[in-house]
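Put together the whole structure using the sequences plus the hints.
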Amino acid sequence: MHRLGGICIGLHRYDRIYVDYKNMPKNLISISEAAKQVGASVDTLRRWDKSYRLPSIRIGPRGHRFYSQEDIHRFLRNDSSVAKQWAISPNAELPASEVYCPTRDIFQARLEKLQSVLQGKISDSSISLLCAITGEIGNNSFDHNLGNWPDVTGIYFSYSLRERTIVLADRGLGILRTLKRVRPELSTSSEALKVAFTETLSGRFPEARGNGLKFVRSVIIKNPFTLRFQTGNALLLLKEFDKDIVVSQTDEGVGGCVAIIGFEKSL
Amino acid sequence: MIIELKKFGSTLISRPSGKEAWLAFQPILKDIPENEEVIVDFEGVAVLTPSWTDEFLTPLVSRFKNKVKLHNTDNASVKATLEILAK
Numbered sequence: 000m001h002r003l004g005g006i007c008i009g010l011h012r013y014d015r016i017y018v019d020y021k022n023m024p025k026n027l028i029s030i031s032e033a034a035k036q037v038g039a040s041v042d043t044l045r046r047w048d049k050s051y052r053l054p055s056i057r058i059g060p061r062g063h064r065f066y067s068q069e070d071i072h073r074f075l076r077n078d079s080s081v082a083k084q085w086a087i088s089p090n091a092e093l094p095a096s097e098v099y100c101p102t103r104d105i106f107q108a109r110l111e112k113l114q115s116v117l118q119g120k121i122s123d124s125s126i127s128l129l130c131a132i133t134g135e136i137g138n139n140s141f142d143h144n145l146g147n148w149p150d151v152t153g154i155y156f157s158y159s160l161r162e163r164t165i166v167l168a169d170r171g172l173g174i175l176r177t178l179k180r181v182r183p184e185l186s187t188s189s190e191a192l193k194v195a196f197t198e199t200l201s202g203r204f205p206e207a208r209g210n211g212l213k214f215v216r217s218v219i220i221k222n223p224f225t226l227r228f229q230t231g232n233a234l235l236l237l238k239e240f241d242k243d244i245v246v247s248q249t250d251e252g253v254g255g256c257v258a259i260i261g262f263e264k265s266l
Numbered sequence: 000m001i002i003e004l005k006k007f008g009s010t011l012i013s014r015p016s017g018k019e020a021w022l023a024f025q026p027i028l029k030d031i032p033e034n035e036e037v038i039v040d041f042e043g044v045a046v047l048t049p050s051w052t053d054e055f056l057t058p059l060v061s062r063f064k065n066k067v068k069l070h071n072t073d074n075a076s077v078k079a080t081l082e083i084l085a086k
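Line order of the protein sequences matches chains A and B.
Reading the first sequence from the start, the letters are residues 0 to 266 in numbering that gives the first Met the number 0.
Reading the second sequence from the start, the letters are residues 0 to 86 in numbering that gives the first Met the number 0.
Since the hints were made in silico from the structure, they are not lab data.
Hints should not be assumed to be uniformly reliable.
[Said to hold, decoys possible] Short, incomplete list of chain B residues facing chain A, as computed with Cβ under 8 Å:
1) Ile2
2) Thr10
3) Ser13
4) Arg14
5) Thr48
[Claimed, not checked] Label-pair ranges, simulated between beta-carbon atoms:
6) Leu22(B) / Thr102(A): 17 to 25 Å
7) Gly59(A) / Leu22(B): 55 to 63 Å
8) Lys5(B) / Ser50(A): 35 to 43 Å
[As the list claims (entries may be wrong)] Only part of the chain A face toward chain B is listed, based on derived beta-carbon distances under 10 Å:
9) Leu110
10) Glu111
11) Lys120
12) Ser122
13) Asn139
14) Thr187
15) Ser189
16) Glu190
Keep in mind it's a predicted model, so treat the numbers as computed, not measured.
Ideal Cβ positions, reconstructed from N, Cα and C, are used throughout, including at glycine.
Spelled out as structure tokens, the structure:
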């Protein structure tokens, strides 16, 4: 890297751009603003910069981190697709540590962090309900795959305040294989997904369980939330006031489950 | 007898933690006279799910039946959970 008077100028190095303040591009935001938009801490953004998950633009003699607004938008748009790609990929790799919850305890701690992050941004009742359905979906992954994870144990869990989404994914058995244990006649992911969201049936017979996804549905349709839930090649889209369960087919199948909860209209 | 759920935490979401709460409470429950009211107080609970509740409240109600009374159930996820479990 060339240096001029201690100032890094216009050079790309390892995908990072070093510029001086004079040549600072417009539309850059500070690391604290970027952290706020992404819904992560400044320290997390520094780690993501080092790991190239979200590279910064270093400015001035001390290399302060800035971010282009476009990069942040791209990153936020991609967060749910990153989760889906992780769930679909034939390679069983661990997700980035910031979004990976290998155990329930870690998931619980991060869900409690989400509650505090949401404080003051949406109503207390929306926080309570969003965290409850997130908790149900996340714990459902642990409940149904305990001791049976095909490869990576645990779940992917992230959220974006700017996009107002919460993303959960697992590389577990998926709903069809789980429910087939107690209802062998189920043959497609679409049928299994419908059953999971409409009937009180548990894949953990003889235990009396199976309310979790019915609860998620009842909360979504009574509140300004949305849900996009995929398992296998079946995709369920649910929103406020929906009466019926409509499942469509996707081109790409997910081994486990991917859920994206939206709360764009929540106050 | 008053059971303050906040003493188990303010985010009560998973089945294992609900089951653990139920087991931990057994020594106290065994001393409650059969005719005594059992008040479950939800004050201080920020997030509740059917999974946690099914492991704690469902066995409590099946044991003490209509002597179980629920107090301070105004929280949104508490209400939604109790509605789904009542069905």
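Hints, one by one, checked against the model:
1. Ile2: Because about 20 Å separates isoleucine 2(B) from the closest Cβ in chain A, which is outside the 8 Å limit, the hint is violated.
2. Thr10: holds, 5 Å
3. Ser13: holds, 5 Å
4. Arg14: holds, 6 Å
5. Thr48: Interface hint status for threonine 48(B): holds (5 Å vs cutoff 8 Å).
6. Leu22(B) / Thr102(A): 17 to 25 Å: The hint (17 to 25 Å, Cβ to Cβ) holds, given that leucine 22(B) and threonine 102(A) are roughly 20 Å apart.
7. Gly59(A) / Leu22(B): 55 to 63 Å: holds, 58 Å
8. Lys5(B) / Ser50(A): 35 to 43 Å: holds, 39 Å
9. Leu110: Status holds, d = 7 Å.
10. Glu111: holds, 5 Å
11. Lys120: violated, 15 Å
12. Ser122: This interface hint holds because 9 Å falls under the 10 Å limit.
13. Asn139: Since chain B brings a Cβ to about 8 Å from asparagine 139(A), closer than 10 Å, the hint holds.
14. Thr187: violated, 26 Å
15. Ser189: Cβ of serine 189(A) sits 24 Å from chain B, so the hint is violated.
16. Glu190: With Cβ-Cβ at 22 Å, over 10 Å, it is violated.
Of the numbered hints stated above, those contradicted by the structure are hints 1, 11, 14, 15, 16, listed in ascending order.
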